[in-house]
Amino acid sequence: MSLLTLKVNGKTHNVDVDPATPLLYVLSDDLELRGPKFGCGLGQCGACTVILKGAAVRSCITPVKAAVGSEITTLEGLGTPEKPHPIQQAFINEQAAQCGFCVNGVILTAKAFLDKHPQASEAEIQQALSGVLCRCFTHVRMYQAIQKYAKAVAR
Amino acid sequence: MTPDAVAALTRSGFSRRGFLKTSGALIVGFSIADRIAEAQGPGGAGGPSPGSPPINQVDSWIAIAADGSVTAYSGKEELGQGISTAQTQLVAEELSVPFHRVTLIYCDTAMTPDQAYTSGSQSHPANFNHGNLAQAGATAREALFKMASQQLGVPVDQLTAADGTISAKGDPSKTITYGQLVGGKKFNLTLDPKAKRKPPSEWTILGTPAQRPDIPEIVTGQFEFVHNVRVPGMLHGRVVRPPAAGATVMNVDEGSVAGMPGLVKVVVKKNFVGVVAEKPWQALQAAEKLKVTWTPGSGLANNGDFYDQLRNQKPTRDVLLTDSKDVEQKLGQAAAVVKATYQHPFQAHGSMGSSCAVADVQGDKATIWSPTQGVWYQRSTAAMVLGLKPENVRVIFRRGSGCYGLNAADTVTYDAALLSQAAGKPVRVQLTRKDELTSENYGNAFLMDERAGLDAQGNIIAWDHEAWSPTLGNRPGPGTPGNVITGSLVGFQPEAFTPRSPAPEPRGFNNNSNGIPSYAAALFDGVPKGAGKVRSARVLVHNIPSPFFTGPLRSPARFQNTFAHESFMDELASHAKADPVEYRLRHLSNERVIDVLKAAAKAANWDARPSPEPGMRKRGLATGRGVACVAYEGDNGYTGIVTEVEVDQDSGKIAVKRVFVAIDAGPISNPDGLKNQAEGGALQGMSRALLEEVTWDNQKVTSIDWRTYHTLPLGFPVPQLECVLLNRPNEEATGAGETAITVIAAAIGNAVFDATGARLRQIPFTPERVKAALSSRA
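Protein chains in written order, with my numbering: chain U, 1 to 155; chain H, 156 to 933.
In isolation and in its complexed conformation, chain H is listed as follows:
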């Protein structure tokens, strides 16, 4: 960073006073000028962005003030998933200070390390194992002990720490506080990979339920969401999106809004159109009245035969995840071959609050308050959109409405930045409900063919999975703002689609998408890497261009693939006349999946027998139970689930009565936080399984509000929900937020089969589809 840039950042609000005002927290330890100097650390390909505090330095993560208070800096942010509470517990635990003495600051490009995105159940593994925040804590703790040893003249192994004070064991007169040791000074230490983490057996803060410090402010209306950020002189913007897919601007008639009260500016940049006004209501009215002439657009293919189009669309980009090369041969030898096809629609993140951001672009500098999941990538791409140097852009995370992945957070940030740049004043933009639901990056649609060969005993001898999924765009960072709508409207291209068929051989085991079923052995160089015993397997995925922008939606691809795998496993168990739990156990080798499956079955008092239920009724109400499990991403979390449903066979309605979730995320950091994630994940997945689907006509998306995009409201009969948390203190920390949601759709479908003998292979399980499945029963 140049001295000019440092001065610019300081001017653009990077002052102690500005920081206090915007973050509500006091930076301690050393001066902000020092932090800026540190922010000149190296970046580089694959590593942190240029300008990030160096991730291998303790001072990038932890600072201790003279009064002993601790400030921790993290690149993993609070989205509502509870990770900030767990990270605070982690730092308090490693440093032996009370929870309330730690202030956690996360995701501000002016002061926190670049840890890429907060996404994909990666925060727990990234910061709670042997690097980053956890290792910074352990390194700092060992350094404090060494300093105390010198000061007190007592060997390190004769010292103990509590409440931010180190004292000699057995001699309470010899004590020294952290503040006395390092207060206000830097550690000047590289993270020591050998520094010992505090073992879970000694934990007093981690591993016990911690209350979230943000909840009292939330429930009393004091909490500052990004929607509540107010900057002096701030104006309000609204965007005018293309009314149909592919439509481009022909003409904008500024006269149509001339003289409207409060209107400041009409902004047009290629196909990006917006208005800026003094008040939000004025901006909304001007945006509605502004006369824009658009081209008719490219049109959309019929919604009705969408899945047939996916199967036949060319060209494709093919990915092979595993291939034992003998699948066709084994299928040919099988006593029986079972086939089924599963369908999953585009789904919206559908954030409760439409996305919002505030930007203040002044000349060649910008300060941006954004709910983005990646502040550093938002910085580099916002700089591209604005034509500024990235080092002149500061992005400060502020919590938005829960995002569950790539909602419109990044795109609305570009909206605010563009409008602020045009107006020369700070601008806040909040999208309308329709803009939120039509300009986000949808969770991917999937078409999935499953085939399996069974031997004479019904055991699986081969498994073939072939999937088709349309994609366009993705997360924008570090250099692809065209991956979201606003970037593309101002002329940036989305990530290029490069056809490739046939797929190259897989280079190693990567089950990030859960394309490989948990029951496959997935041998690489003769070594089984999968969680199961089926040695013959092939998994082939065809990506094709999508008509809509797509991106990660909570458990991306994993939700879809696991729906297919776990429903199909149930079909195979039924074919083999086996109990669905026993049948799964027969084909699993990974003891962590086995344990969560057994724990869920035990909690549910599982009725072991084949499905469907003997003597099931073909009319009226029918009840049944279903099971599913997963080794999430292969090895990043484990969940087993059992659901009990009641199906009204006359109306086709499914009522989920009870849900039992067993979850293993390694050593449990905050049991209550883990439980909250499992509960919310299960019910959110239930909403996706039963109701959620993006719809369109031949021009445009038609699911534009809560009457056309359906979700389970608070008023639906909530099932009884029980969580079993399996603590694994000797394992690595794994993901926790996306496992329960991954398995519930199949568990509901399997329970419906158990109750009725009807198999649901298309999400969402609407009453019409349930009735169709019921009427096509054997």
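So here's chain U without its partners, still in its complex pose:
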């Protein structure tokens, strides 16, 4: 066990954990955050996505020690039900969810990509989401939400 300091959504947290622990477990169990989720533990589905150093990473295969010193943003860090981030608002407007388990990975992957590529085409956005799964297949609405957000970002 080691005492580590994490910066999550603008706040500093001290945790005493095995430094090899995947970041996901620290976020969801030690810090009790509900955004990042365990889907596969293999980096294959995207449910555990967080934004680290501006990039969408799979927290289920990222050791917590690799996140020390960097700003970590989870879905909670973007906005709240009362004051959602524009991409979250776009998902509300389009009612782009069924069970909602995958939404974390979809929103954070799309946001991190559009932050870096605000002029991205539809095909490029699709490519960026190629490794994210949604088993309810809410794809149509999710793309509508992301495209509307992307258009607003590009302006």
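Honestly, the hints are just simulated from the structure, not real lab data.
All values reported here derive from a predicted model rather than from experimental measurement.
In this text, a Cβ means the ideal position worked out from N, Cα and C, and glycines have one as well.
Hints should not be assumed to be uniformly reliable.
Ranges of calculated distance between the beta carbons of each label pair, as one might list FRET restraints [to be verified]: (1) H/Gly518 - U/Asn93: 46 to 52 angstroms; (2) H/Asp463 - U/Ala55: 47 to 53 angstroms; (3) H/Glu357 - U/Ser121: 44 to 50 angstroms; (4) U/Ser2 - H/Lys446: 26 to 32 angstroms.
Go by the hints and put chain H onto chain U.
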């Protein structure tokens, strides 16, 4: 329920404070002690479970607080399909209160009525017609009007209700609120079958798109899934499943994990093995390191000739769904007989999040947070697994990852319960990806033979359908925990397989499995019950034991049978050189199927002509259109679908370019929710048709993650998707969630035939199979 049990439930968290903490909602109307007293109502065979609030009492469904806020209780839960929003609309509509004033509480054995499972497109018909929640709302509304009439001295027919207030028409000074009439008190009323539902023509809340109240919390990471339930003192468990089919425990070497950080306990109960640790990562590491010696297992038959084995496996349990007794005779008289065989593999539910549950077993009491589709049956079977009295077990539904049927939700609930019982502390268990994909109950494999006789004009004069399907286990409730893996590992038997051949005569029309094609008249006592005109038909199903646990997967059997029927219908149309839509219409009698078929064709601007496309190219890219339709379960929803595909004949890849779905679910409750279900159903069915298949070697399942069990990711080119919603305000509410998925596989296969002249008869339509079909073209 005994006074002891009441006290136990109270101790086990059934207090107002505990309820607030765990449900995030405030129970109103009357005290929880009253609700417990009511929960002593009778159960009985075929009815609600013992302990369920009586389903014939208004108070079991609706409570109104002094401030006029409404709490509704339902036994149909939110799985992501949107039914909680529609149920909230329903109660708000019947009681004339704003949507946001209704709090819906569903599926908690301490307070909601037992409505069996939330499954099979049954929630809309169960709660939106003439019983249960809808009728409780109508009865409550009439009671409120009678009370208001007495209080205000105004006849009922001179009263009107809006915003939770009843007032005299034309005299705004005479008003009284629901809170003033019944606030905090019981109705003490039996559901009145004569109470009038508000007609759809007067709806202002139902029938208009309602936003789902859970979505803002979901998209901001605030929503509590079962995965997020945290109980004070909670530990984390992991299970160690048999590595091969039929393997049993020989030895567990606890020393192999001795001293591991955070390890609390190794648990072994017959063939159930698990570990409990302080943190989930510690539990995972201990589970991986624990040395368990297993027997080699029973082995698995070759995956390669699986369908031949199905056809030849004995003994069978035979079911006859319809038999006009003249099929062979008609086939003998036919101008032409067409035959084809279709194959559908085992498929996984493959929930995005692996299944999770939290259990707190303390002595002879248990509180369980579970994503089960049936809290009451989870209660009775968890009690069996734990050796407790069912009345001492409380099961609280918490949403899991979308399940689409019997995923590992029930089995992981037993896992958590067993580990908590052994550890004496609350335990949370979330399965690994591999455990999820190997210990769920797979959707059934099917082998289906179709035969039809055509007359000289190409019209169908006889239809024969014979199917083989392997089964093992099923949903566990109310008394068969061995129907899922954990129950069987601790020694409970799955539902017994009872051979039976020949099948008895069918007792009446039951097309729950869609085994009977929509084109059959299916006469019973001379009365046509089917949706079609073909009077000569036989449908025979052989069930055989399965090597894997099986259970309902969204549109169980209906997906498989409809794939065969609707593909075969296309083969018959092609044989008759008829347009596939016109040919279907020629053989249909049910106007609701006819209407969805026509609506889908119209939306797609259907190009009426026989398939395949004249002048189709045999190389490179080819495009085509296909159609399919169904009377889901015979009479529980109607869908027509058209797809347009592009086939790369060199690679064998299919790209679905456009999809048009027409859907009829009776009176539309939430148009946006219905559309969401149709869209998701169509694309999920597309993934199943193109990619999904459970695989195995001679020992074990080999589709264990997202690299070996294939699904369409978000990055695939999503087809343009258009939905046509047919509103039927004067009909009964029907199922809505499983109709679009039922028809899409055939519509894609038919479009590939139209494009290329190659017929796909085996799901999934992998590039290899497409290429094989292309190379065997005439």
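Unmet hints by their number, sorted upward, for this structure: none
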